[in-house]
Amino acid sequence: DVKVTQSSRYLVKRTGEKVFLECVQDMDHENMFWYRQDPGLGLRLIYFSYDVKMKEKGDIPEGYSVSREKKERFSLILESASTNQTSMYLCASSLNQGYSNQPQHFGDGTRLSIL
Amino acid sequence: AQSVSQHNHHVILSEAASLELGCNYSYGGTVNLFWYVQYPGQHLQLLLKYFSGDPLVKGIKGFEAEFIKSKFSFNLRKPSVQWSDTAEYFCAVNAHNAGNMLTFGGGTRLMVKP
Chain R
3 DVKVTQSSRY
13 LVKRTGEKVF
23 LECVQDMDHE
33 NMFWYRQDPG
43 LGLRLIYFSY
53 DVKMKEKGDI
63 PEGYSVSREK
73 KERFSLILES
83 ASTNQTSMYL
93 CASSLNQGYS
103 NQPQHFGDGT
113 RLSIL
Chain X
6 AQSVSQHNHH
16 VILSEAASLE
26 LGCNYSYGGT
36 VNLFWYVQYP
46 GQHLQLLLKY
56 FSGDPLVKGI
66 KGFEAEFIKS
76 KFSFNLRKPS
86 VQWSDTAEYF
96 CAVNAHNAGN
106 MLTFGGGTRL
116 MVKP
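Line by line, the protein sequences are chains R and X. Numbering-wise (the numbering used here), the first sequence opens with residue 3 and increments by one. Numbering-wise (the numbering used here), the second sequence opens with residue 6 and increments by one.
Since the hints were made in silico from the structure, they are not lab data. Only a predicted model underlies this, so the values are computations on that prediction, with no experimental measurement involved. Here a beta-carbon is modelled for each residue, glycine too, at the ideal position from N, C-alpha and C. Keep in mind that the hints are not guaranteed to be accurate.
[To be verified] Not everything, but these chain X residues come out facing chain R in the computed CB check (under 10 Å):
#1 His12
#2 Gln47
#3 Leu51
#4 Phe72
#5 Trp88
#6 Thr91
#7 Phe95
#8 Cys96
#9 Gly110
#10 Gly112
[Said to hold, decoys possible] Pulled a few chain X residues facing chain R out of the computed Cβ check, cut under 7 Å:
#11 Leu49
#12 Asn80
#13 Asn105
#14 Phe109
#15 Gly111
With these hints in hand, go ahead and build the complete structure from the sequences.
Here it is in structure tokens:
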């Protein structure tokens, strides 16, 4: 069974801090994704990566960056945290076999509060 | 860019009632369609998926969904809900020209009263 592990379940940080959210998957998936989940807005894609050191912007990349130095690990970075980045952050991974129909597998989420 | 609409944000049902959750998308080309479920305190799980073939797709826990291409819809159904179906349900669409990217609807929060 695929396991996607996010390093923290709950995190509280202060405005202006640099925040790192870590995600690790154990199934050798090529694709990894970061979403934020807000009530009524569903999941919105921040960034995704289809290979080591490769990244693509999603729908709402402003204020975020990502790092993928190893295949199994995908980090989301809030360069200077702001209160409007308080949210639930979800990491996901999927296979890339040349088809676009592979389901994504999700971690438990990190609930981040910026004070 | 494609968009996904889930018209019901909150649904409250009694046990044994029938369920239908609406999902409409805006992309005109070939799509893959998914329903995910998030039970309280748990991660998102795949409920069912449509790639091609029979437009009526059966998933886990008695759920099914019907792809109606002419209506750009992929509604989720269950004939008789249980209290354990209380969860948030997300419809998601992957357009074939979007690689592996999914676009999610806003979610529907279902509460089933015992």
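These are the hints, each one checked on the structure:
no.: 1; hint: His12; result: 12 Å, violated
no.: 2; hint: Gln47; result: 7 Å, holds
no.: 3; hint: Leu51; result: 5 Å, holds
no.: 4; hint: Phe72; result: 13 Å, violated
no.: 5; hint: Trp88; result: 23 Å, violated
no.: 6; hint: Thr91; result: 16 Å, violated
no.: 7; hint: Phe95; result: 6 Å, holds
no.: 8; hint: Cys96; result: 9 Å, holds
no.: 9; hint: Gly110; result: 5 Å, holds
no.: 10; hint: Gly112; result: 5 Å, holds
no.: 11; hint: Leu49; result: 4 Å, holds
no.: 12; hint: Asn80; result: 17 Å, violated
no.: 13; hint: Asn105; result: 5 Å, holds
no.: 14; hint: Phe109; result: 4 Å, holds
no.: 15; hint: Gly111; result: 4 Å, holds
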